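My request is simple: use the sequences and hints to build the entire structure.
There are 2 protein chains.
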Amino acid sequence: MRKLTVALGDRSYPILIGEGVLDRTDAILAALKTPRVAIVTNDVVAPLYLGRLEAALRSVDVACDSVILPDGEAHKNWQTLNTIFDGLLAGHFDRSTTLIALGGGVVGDMAGFAAATYQRGIPFIQIPTTLLSQVDSSVGGKTAINHPLGKNMIGAFHQPRLVLADTSTLTTLPDRELKAGLAEVIKYGLIRDPAFFDWIETNIERLLAREPQALGEAIERSCANKARIVSEDETERGVRALLNLGHTFGHAIEAGMGFGVWLHGEAVAAGMVMAACLSNRLGWLSARQYERTVALIGRTGLPVRGPKLGAARYLELMAHDKKVDAGRLRLVLLRDIGDAEIFADLPAVEIAAAIDACCEPS
Amino acid sequence: MRKLTVALGDRSYPILIGEGVLDRTDAILAALKTPRVAIVTNDVVAPLYLGRLEAALRSVDVACDSVILPDGEAHKNWQTLNTIFDGLLAGHFDRSTTLIALGGGVVGDMAGFAAATYQRGIPFIQIPTTLLSQVDSSVGGKTAINHPLGKNMIGAFHQPRLVLADTSTLTTLPDRELKAGLAEVIKYGLIRDPAFFDWIETNIERLLAREPQALGEAIERSCANKARIVSEDETERGVRALLNLGHTFGHAIEAGMGFGVWLHGEAVAAGMVMAACLSNRLGWLSARQYERTVALIGRTGLPVRGPKLGAARYLELMAHDKKVDAGRLRLVLLRDIGDAEIFADLPAVEIAAAIDACCEPS
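Residue numbers (our numbering), protein chains in the order written: chain A, 1 to 362; chain B, 1 to 362.
Rather than coming from a laboratory, the hints here were simulated on the basis of the structure. These figures come from a predicted structure and were not determined experimentally. Do not rely on the hints blindly, as some may be mistaken.
Identical copies go unnamed one by one, so any copy, or any two together, can satisfy a pair.
Unchecked claim - Straight-line C-alpha distance at most 20 Å; calculated EDC-like pairs for lysine to aspartate or glutamate:
hint, residue 1, residue 2
1, K33, E236
2, K3, E220
3, K33, D61
4, K33, D345
5, K308, E350
Structure, rendered in structure tokens:
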């Protein structure tokens with residue numbers, strides 16, 4: 001088992017990574033205020049892992065309720081969130097009870113936002129069961145739901161008390177979702193860890209083959225990068241924004257296609273190619289490093305081109321992005337692999353040209 | 001003009017109280033990150049004060065949008081909240097823009113919760129226009145919406161950057177709402193300020209006659225009490241819970257009658273009588289002080305009895321209250337006027353008896 005800590009003073013919390021950590025009741029008990037939890041999961045994950053988690057908790061006298069959401073980004077909205085509130089209120093959950101998110105990024109974001117706002121905040125635990133949520137969304141306390149006009153537009157910062165990343169849950173993950181998770185893994189290499197990027201280049205086949213040792217290493221190095229960034233900048237006033245590499249383009253893809261059509265990781269992959277392309281066009285990222293970036297994303301089986309929405313539509317959707325500051329679009333670009341920076345006031349014509357160059361031919 | 005400060009480190013903020021402070025653009029400008037605001041108000045307040053505030057802001061080059069909500073507690077729900085999000089997103093509001101709540105407690109709670117969760121948090125300013133919101137809800141950062149199963153069940157702690165309490169707005173306040181606000185004024189005397197309670201007893205006729213000097217004094221002393229409590233305990237882990245005197249009973253009245261039938265302050269008034277009655281029955285509050293409490297609430301024209309829902313129904317509704325901790329109902333009771341304390345595990349039969357004694361005859 002690997003263990004990391006997100007250092008945030010009296011709100012610091014551990015991340016445990018490894019085979020079978022899902023029902024580490026010692027860690028869960030240490031995180032609870034009272035022996036009562038509500039497990040939020042979805043209808044795909046519930047048949048796989050809910051019974052095991054409930055049995056483990058009940059064996060140590062923790063009372064469990066569960067709320068099962070429909071699966072998918074398309075349900076990351078207020079209506080679905082409200083089913084969590086309904087369950088908590090019907091069960092008379094109070095401020096001392098704990099919410100456990102068991103599932104992927106959508107479950108984690110919604111359960112986290114429910115925990116952030118139920119009675120103005122209750123404790124929660126993340127048990128991510130997808131690669132994407134294990135390497136990214138379960139760590140750092142960002143929670144949200146979507147609005148028809150934009151992804152993750154309604155949300156809160158609310159840190160979990162514990163993250164349990166059980167690598168054995170990845171054996172049941174569909175191939176497409178494994179690859180989507182690898183997009184965020186590659187991201188850490190691109191923004192701040194060139195040695196990790198090299199390691200991924202060397203080990204991408206092992207990762208795609210789901211070798212447990214390789215997956216454990218990738219998750220640990222990803223979470224270590226994420227934990228350090230979150231410790232430095234919890235509420236994204238500075239360095240944390242680098243984690244949005246590819247995300248502004250990616251959000252435009254997700255919103256433009258309708259949430260749930262492209263997986264988040266797929267959209268981020270194409271978005272990172274667009275960001276790298278723009279970085280190259282502006283003379284910051286060398287052609288060689290741009291090619292390495294595109295090649296690794298391609299070898300992972302992720303899209304290296306975005307859907308042909310038209311550059312104007314991309315720019316319109318990007319204007320709704322949360323990274324917009326005082327009306328100025330801010331983008332994370334690359335000076336090199338492992339060296340990202342935030343830029344504002346980039347020429348729209350260059351952004352549009354990069355988008356056009358990285359979209360599917362019509 | 002009177003000025004107070006809520007001391008919360010780098011999130012400290014001023015409260016300005018006085019005639020005409022509504023359009024103190026110097027204070028507003030100092031609180032903005034960028035010169036762009038969205039004013040959230042309702043259809044009763046908008047015709048009275050929105051134009052004046054917009055004109056003042058535009059005269060100092062602040063761009064204003066506005067979102068006008070339907071008036072009333074019955075609209076304090078997700079659907080109404082979403083109209084704020086719609087307006088912010090349609091106007092391309094970003095994280096640097098500021099939300100201004102112009103209105104009573106419902107507007108402040110909803111605009112505050114929108115500010116807490118829009119893009120995971122944007123700055124906001126409170127301009128309360130009712131006595132209740134000036135003395136209580138605009139200060140301290142509690143924001144929320146209601147759920148059919150409970151009042152203020154979904155919310156967040158999100159401190160404003162400025163509170164402007166313009167006493168001249170109270171001239172347009174309906175009598176019933178003025179009295180509802182006085183319930184919270186009396187509360188401060190009861191929980192921690194016996195000298196203030198004496199002052200209210202002496203000056204209640206001046207307050208009911210809306211003498212500006214008396215209202216200014218009552219608001220300042222109320223806010224000073226509130227500010228000190230919030231500074232000591234921002235997220236209600238301890239002393240802040242004393243502010244809930246009468247509120248657990250009161251929430252049961254509001255929920256039991258349907259939100260909006262009883263005003264919040266009216267329900268709190270009857271709830272404070274119940275709490276005082278229970279305190280007396282348990283031997284903590286003397287008969288003399290109990291009588292003073294009931295007499296002052298009665299002289300204010302506030303209800304000294306609750307609706308006849310039946311004690312069992314009260315207890316059921318109270319079990320949903322946020323003050324419930326680990327399944328134990330906690331109530332704020334009085335040892336004396338000016339000396340409140342939190343009690344758990346009180347005998348249900350005594351609570352029921354106090355409720356029955358303080359309800360309208362059938």
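Need the list of violated hint numbers for this structure, in ascending order. none
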